[in-house]
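Student: Sequence:
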Amino acid sequence: MQSISINEIENAVQRVLENNTVSPWLDSDQAANYLGCSSGTLKTWRSRGEGPTYHIVNQKLVRYNVEDLDAFVRGEVAR
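In the working numbering, the protein residues as written are 1370 to 1448.
Take these hints with a grain of salt, some might be off.
With a Cα cut of at most 20 Å, we get these calculated EDC-like pairs of lysine to aspartate or glutamate [claimed, not checked]: (1) Lys-1412 to Glu-1436; (2) Lys-1429 to Glu-1419; (3) Lys-1412 to Asp-1398; (4) Lys-1429 to Asp-1396; (5) Lys-1412 to Asp-1439; (6) Lys-1412 to Asp-1396; (7) Lys-1429 to Asp-1398.
Pair ranges (Cβ atoms, derived) [what the hints assert, rightly or not]: (8) Glu-1379 to Lys-1429: 17 to 25 Å; (9) His-1424 to Glu-1387: 20 to 28 Å; (10) Val-1431 to Gly-1405: 14 to 22 Å; (11) Gln-1383 to Arg-1415: 33 to 41 Å; (12) Gln-1371 to Asn-1427: 48 to 56 Å; (13) Asn-1402 to Glu-1379: 29 to 37 Å.
Hints listed in this document are in silico derivations from the structure and should not be mistaken for laboratory results.
Note that beta-carbon positions come from the ideal geometry of N, C-alpha and C, so glycine has one too.
Work out the full structure: start from the sequences and follow the hints.
Tutor: Right under this line is the structure:
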């Protein structure tokens, strides 16, 4: 059996971590899935000035931060 050095294991773990980063920013579909609602519900809430805090990127992309979604679920967001 071939032994693997601790250095080789550390390098492999580092490569996995570098290539599998998870962003805290979600698009509408991802945010809706996270909250258990539809992206249409999020769109309706945005148009009414309700729902979780969202951000517009490059004047067209809607993004939600996971921390904002969690705060909304906890009832901590006042719009």
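Student: Work down the list of hints and note, for each, if the structure agrees.
Tutor: Hints, verified against the model:
{"no.": "1", "hint": "Lys-1412 to Glu-1436", "verdict": "holds, 19 Å"}
{"no.": "2", "hint": "Lys-1429 to Glu-1419", "verdict": "holds, 19 Å"}
{"no.": "3", "hint": "Lys-1412 to Asp-1398", "verdict": "holds, 10 Å"}
{"no.": "4", "hint": "Lys-1429 to Asp-1396", "verdict": "holds, 12 Å"}
{"no.": "5", "hint": "Lys-1412 to Asp-1439", "verdict": "holds, 18 Å"}
{"no.": "6", "hint": "Lys-1412 to Asp-1396", "verdict": "holds, 12 Å"}
{"no.": "7", "hint": "Lys-1429 to Asp-1398", "verdict": "holds, 15 Å"}
{"no.": "8", "hint": "Glu-1379 to Lys-1429: 17 to 25 Å", "verdict": "violated, 42 Å"}
{"no.": "9", "hint": "His-1424 to Glu-1387: 20 to 28 Å", "verdict": "holds, 26 Å"}
{"no.": "10", "hint": "Val-1431 to Gly-1405: 14 to 22 Å", "verdict": "holds, 18 Å"}
{"no.": "11", "hint": "Gln-1383 to Arg-1415: 33 to 41 Å", "verdict": "holds, 39 Å"}
{"no.": "12", "hint": "Gln-1371 to Asn-1427: 48 to 56 Å", "verdict": "holds, 50 Å"}
{"no.": "13", "hint": "Asn-1402 to Glu-1379: 29 to 37 Å", "verdict": "holds, 34 Å"}
Checked against the numbered hints above, the structure breaks only hint 8 and satisfies the rest.
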